[in-house]
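Let's have the full structure, built from the sequences with the hints guiding it.
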Amino acid sequence: MQEPVVADTKTSNRELLDFVFAWPAWFFAVGGALNGLLVAAFVVVILMLMFGLQFLGYSHPVYWGFLIVNFVFWIGVSHAGIMVSAILRLTQAEWRRPVTRAAEVLTIFSLLTAVQFPLIHSGRPWRTMYWTFPYDWNRGAWPNPRSPLVWDPSAIFTYLTSTILFVYVALLPDLALARDRAPNPVSRAIYGVLAMGFRGTTRQWRIQTVAGLLLSAIILPIFVSVHSIVSWDFAVTSVPGWHNTIFAPYFVIGAVHSGVSAVVTVMIVMRYAFGLKRFITRDHIDSLARLLIVVATVWLFFFLLDFFFGLYGTEPAEVDTWQRRLVEPPWVVIAITFIICAYIIPVPMWMFRAIRRNFFWMFVTTILVNVGMWLERYMVVVPALERKSGLTFTYGDYAPSLSEFILVAASFALVILGFLTFSKLLPIMPAADIKEGQILADRIRVGRANVPAAMRE
Amino acid sequence: MSSSANEAASRASAVSSMGQTIPTDAEVGHPEGVRWGMVVDLDRCTGCQACVVACQAENNIALNEEQRVLERRAKTWIRIERYWEGEFPNAKARFIPVLCQHCGNAPCETVCPVWATYHNNEGLNVQVYNRCIGTRFCANGCPYSVRYFNFWNPEWPEPMNNQLNPDVTVRTKGIIEKCTFCIQRINRVQVTAKTEGREIRSGEVQPACAQSCPTSALVFCDLNDPESAPAQLAEAEAGRSYTLLEHFGTDPGIIYLKKVDPHAEILEDDHAPAEAHA
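One line per chain: the protein sequences are A and B, in this order. The first sequence lines up with residues 1 to 457 when you count with this note's numbering. The second sequence lines up with residues 458 to 735 when you count with this note's numbering.
Be a bit skeptical, because a hint or two may be false.
[As the list claims (entries may be wrong)] The calculated lysine to any residue pairs, modelled on SDA-like cross-linking and capped at a C-alpha distance of 25 angstroms, are:
| no. | chain 1 | residue 1 | chain 2 | residue 2 |
| --- | --- | --- | --- | --- |
| 1 | B | Lys549 | A | Asn144 |
| 2 | B | Lys630 | A | Asn144 |
| 3 | B | Lys716 | B | Glu544 |
| 4 | B | Lys630 | A | Thr11 |
[To be verified] Label pairs and their in silico Cβ distance ranges:
| no. | chain 1 | residue 1 | chain 2 | residue 2 | range |
| --- | --- | --- | --- | --- | --- |
| 5 | A | Phe307 | B | Ala548 | 44 to 52 angstroms |
| 6 | B | Lys549 | A | Met351 | 57 to 65 angstroms |
| 7 | A | Phe307 | B | Arg539 | 31 to 39 angstroms |
| 8 | B | Pro671 | A | Phe307 | 48 to 56 angstroms |
| 9 | B | Thr626 | A | Trp142 | 17 to 25 angstroms |
| 10 | B | Pro671 | A | Met129 | 43 to 51 angstroms |
| 11 | A | Pro145 | B | Thr649 | 50 to 58 angstroms |
| 12 | A | Phe301 | B | Gln506 | 49 to 57 angstroms |
| 13 | A | Ile344 | B | Lys549 | 44 to 52 angstroms |
| 14 | B | Lys549 | A | Gly36 | 54 to 62 angstroms |
| 15 | A | Ser154 | B | Val585 | 22 to 30 angstroms |
| 16 | B | Gly706 | A | Thr421 | 46 to 54 angstroms |
| 17 | B | Thr649 | A | Gly140 | 26 to 34 angstroms |
[Claimed, not checked] Reference excerpt, derived from the structure (chain A facing chain B, CB under 10 angstroms, subset only):
| no. | residue |
| --- | --- |
| 18 | Leu56 |
| 19 | His60 |
| 20 | His121 |
| 21 | Ser122 |
| 22 | Pro143 |
| 23 | Val150 |
| 24 | Pro183 |
| 25 | Ser187 |
| 26 | Phe234 |
| 27 | Thr237 |
| 28 | Thr314 |
| 29 | Glu315 |
| 30 | Ala317 |
| 31 | Leu385 |
Hint data in this document are derived by calculation from the structure and do not stem from the laboratory. Glycine residues also receive a C-beta, built at the ideal position from the N, C-alpha and C atoms.
Structure representation (C-alpha cells):
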C-alpha cells in the first residue's frame, strides 16, 4: 500500500514538531495524575522494603502472582516495537513510516517498566546485583548459569540496549531538524549535542541508513530470544502446567499479539492528542489490523496446542491444572473473559473493512486484546502454582492484595508517563522517514510516462 | 600402582585455577562419601506432631500464630499431612510427615540465580541464608512445597526469646528457609568425632524430629553406609519402600515405608472408591 502525499515539506516539519515546542494544559493535568499513581506505588515499595513482602497476596505455596504476571505482560508489549519497526523496515512496507518511532518508544518504556517488577518482587531487592551482574564480587560465587533468572537479565538488557540504539540512530535526522527549528538557545544547544553534528550530508545519510538496516537485522534474533527466555522461567521447572516445550513460541507470538494491539491503541491516542490527523490515517490502522488478524490466529493456534499437549500426555497433575484453569471457579470466569477479549470479539470484528478503518472500534478492540492477554498471563502463572503436585495437603489459593493492584496500575502510569515525556522532549513522529516516504511516492511526468520521482536503492 | 591407574588418578583429581588439587572421593577414603538421609516408617507414624514442635524449638522457627496459619504463611520445616481414606464410618486418617527431601537431583538448586541453595558433598540440600535474595523461584520449583518464605522479621515475645538455639541463625525477612536435617547437630558430631580421632558412629547423629519421635517412625541415617540399621531396615522392607513423587525424578534422600494395613482388603471390598484398586 502506497502512502499518498500528505503535505509539503514545510507543513510536515511544522506539524510533526508541533508538540515538542508546545505546552498544552492537558499535558500537565495528565502528567500530574500519573505522577500521583507513581507516588502511591512508591509508598508501597518503601513499605515492602521496610516491612517485608507481607503486604502482597502471596502465601504458601503460591509465591509468584500479580507482579510476575505484570512483568510478563510488559515484556510482551515491548515486542511491538521491533515487530513493527524492524520487520516492516526489512520488508519495505511503506505504511510503517509514521508508526515506527511510537512502537520503538513503547518498547523502551515497557521494557524499563517490566524490569522493575522482578526487582521489587524479590525479598531483598538491595542485593539483586548479585543476581543481575555476572561478577563474583568478593563472595567467590558467580551467578548460577543454570538458572533462567540469570538468562533473563542478559536477554532483557541486550534487548533494551539494542532498542535504544535503534531508536537513536533513527532519531538523528529528526534531532537535527529540532535543533534547526528550536525556539530558544537552550533547547537548540541540547538538540545540537544530541544530534551529534548531523547535517544531512550524503555520507551521513548513507551511514545512518546502513546502520538502521543492520540494527533491524541484528535485533530480530534478540526479539525472538527475549520472550522465549522469559517463557523458560516457567517452562524449565517441573510445575505441571508450566513444564511445556511449546511455551517459547507461544509466549513470543502472544507478545506480538498484545504488542501490536498496544501500538494501535497508542497510534489512535496520538492522532487525537498530538494533532496528527494528517499523518496517522485509516490506511495505517487498517494495515495493522490485517497484521493482527494473522498474529491473533497463530497465537490462538499455539494456545490450543498448549491445551492439547496438556491433555494428550494424560498426566493427572497436568490435566488437573488445565481443569483448574478452564473449569473451576473462579478461574472459569477469567478463562472465558480472556478468550472472549483476546480473540472471539476482536478478530471477527477485524474481518470487516468498516471496523478496521474506524478509529473508535479499533481503539476498543485493541484495548480488549490487552485486557485478555493480561488475563492470559495470569491464567498461565497462578493456577499451576496453586495445584503443584499430588500432595493435595499443600493446595492453596491466591488472592491479590490492594498493594499489588496499586503496583500494576502504577506500571501503566509509568509507561504512559514515559511515552508522554519522550514525545514532549523529542519528536515522536519520524519526520525524516515520513518525508522520505513522500519523496519515494512522488511521481513525475516524463513525456507521456508517469514514473517515480526517486529511485529506490 | 600400574601406569593406567596412575593416569586415571591424575585425570580424576582436578586442579583448580588456584593451583590447589581437589581430592577425589577415592583419595578421601570413603568411596561414595556420606549421603545423609532418613527412613520414614509410616506404619509407625501416629501423627502426633512431636516432630513439628521439636523442629520449631530446635531451629528457631518463628511462632506460628493462628493468623499465620489462616493466611497460610505458617512455617513448618516438617509438617504432618493428614489424608482421609474411605467413607464414614470406615474413614481412616493417614499421616505422612513431609520435610525437605534433600533430593540428589533437586529442582530447587538449578533455578536459584545466586547459588543460595546447592548440594553439598554430604548429600544435603543446603540453604545459604546470606546469599538468598528472595526470588522464591526455588519454592515454586519444589514439588514437595517444603520451602518457606519469610514475609517479615521473626519476633519472640519475652521470655520466649531466651529459648532460641544459639547454634542456629535467626532468619531475616525476605529469604527462603527450609529443613536443614539439623546441620548444626551433624557438625557438632563431626567435630566431636574428629577431636576424639574416630569415625562417626552409626546413629550418633540425630535431628530434632527423629530424636523426638515417640514411635521411632523417623530414623536418620547415612544412606551410603550399608551397616546402618535404617539402611538395613529399608533393604529388608524393600517391598513397602518408596520415595515421594517418584515420577519427578528428583532422587529424594528420604525413603518412606508404606503402612501395613490389615483392614485394607475389607475396606477395598466394601467402601473404598474405585480408584483404590488402581
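Evaluation of the provided hints:
1. B:Lys549 <-> A:Asn144: Status violated; Cα separation ~46 angstroms.
2. B:Lys630 <-> A:Asn144: 23 angstroms, holds
3. B:Lys716 <-> B:Glu544: 19 angstroms, holds
4. B:Lys630 <-> A:Thr11: Given pair Lys630 of chain B, Thr11 of chain A is violated - Cα atoms ~60 angstroms apart, limit 25 angstroms.
5. A:Phe307 <-> B:Ala548: 44 to 52 angstroms: 37 angstroms Cβ-Cβ, so the 44 to 52 angstroms window is violated.
6. B:Lys549 <-> A:Met351: 57 to 65 angstroms: This hint holds: roughly 60 angstroms between Cβ atoms.
7. A:Phe307 <-> B:Arg539: 31 to 39 angstroms: 34 angstroms, holds
8. B:Pro671 <-> A:Phe307: 48 to 56 angstroms: 49 angstroms, holds
9. B:Thr626 <-> A:Trp142: 17 to 25 angstroms: Check passed, 24 angstroms falls within 17 to 25 angstroms.
10. B:Pro671 <-> A:Met129: 43 to 51 angstroms: 49 angstroms Cβ-Cβ, so the 43 to 51 angstroms window holds.
11. A:Pro145 <-> B:Thr649: 50 to 58 angstroms: At 39 angstroms between Cβs, range violated.
12. A:Phe301 <-> B:Gln506: 49 to 57 angstroms: With Cβ atoms ~51 angstroms apart, the hint holds.
13. A:Ile344 <-> B:Lys549: 44 to 52 angstroms: The hinted range 44 to 52 angstroms holds for Ile344 of chain A and Lys549 of chain B, with Cβ atoms some 48 angstroms apart.
14. B:Lys549 <-> A:Gly36: 54 to 62 angstroms: 59 angstroms, holds
15. A:Ser154 <-> B:Val585: 22 to 30 angstroms: 23 angstroms, holds
16. B:Gly706 <-> A:Thr421: 46 to 54 angstroms: Hint holds: Cβ distance 51 angstroms, inside 46 to 54 angstroms.
17. B:Thr649 <-> A:Gly140: 26 to 34 angstroms: 29 angstroms, holds
18. Leu56: 8 angstroms, holds
19. His60: 5 angstroms, holds
20. His121: 8 angstroms, holds
21. Ser122: The hint holds - Ser122 of chain A has a Cβ within 10 angstroms of chain B, the shortest such distance being about 5 angstroms.
22. Pro143: 6 angstroms, holds
23. Val150: 5 angstroms, holds
24. Pro183: Status violated, d = 49 angstroms.
25. Ser187: 43 angstroms, violated
26. Phe234: Result: holds, 9 angstroms to nearest chain B Cβ.
27. Thr237: Result: holds, 5 angstroms to nearest chain B Cβ.
28. Thr314: With Cβ-Cβ at 13 angstroms, over 10 angstroms, it is violated.
29. Glu315: Hint on Glu315 of chain A: holds, closest Cβ of chain B at ~9 angstroms, below 10 angstroms.
30. Ala317: Cβ of Ala317 of chain A sits 9 angstroms from chain B, so the hint holds.
31. Leu385: 6 angstroms, holds
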